[in-house]
Amino acid sequence: MNMYNCTGAEAVKFVKSVEDMVYKIEKLGLNPLKTDQAVIKAEIKEVDKKLITKTPI
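Using the UniProt record's numbering, the first residue of the sequence shown is number 1, and each one after it goes up by one.
In silico lysine-lysine, DSSO-like type, Cα no more than 27 Å apart, as pairs: (1) Lys27 x Lys45; (2) Lys13 x Lys45; (3) Lys41 x Lys13; (4) Lys41 x Lys27; (5) Lys16 x Lys27; (6) Lys13 x Lys24; (7) Lys16 x Lys41; (8) Lys24 x Lys41; (9) Lys24 x Lys45; (10) Lys45 x Lys16; (11) Lys13 x Lys27.
Restraint ranges, calculated between C-beta atoms of paired labels, are given here: (12) Cys6 x Glu46: 25 to 31 Å; (13) Lys41 x Val18: 19 to 25 Å; (14) Ala9 x Lys45: 26 to 32 Å; (15) Glu46 x Thr7: 26 to 32 Å.
Hints are computed from structural coordinates only; laboratory data are not their basis. Backbone N, C-alpha and C define an ideal beta-carbon position, used for all residues, glycine too.
All chains, full assembly: derive it from the sequences and hints.
Right, here's the structure in full:
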């Protein structure tokens with residue numbers, strides 16, 4: 001991707017995709033078969049924590 005000729009939205013989308021890739025590799029290594037399921041489970045746990053901690057009593 002040529003970063004000089006892209007719009008702001010395209011640049012943000014590209015950076016987000018790279019960040020997602022880095023997150024998956026850091027979390028699980030390079031095995032693509034286990035990556036998706038484990039990342040989904042990890043993300044669900046993180047969302048659950050956020051919901052629990054941010055829910056007003």
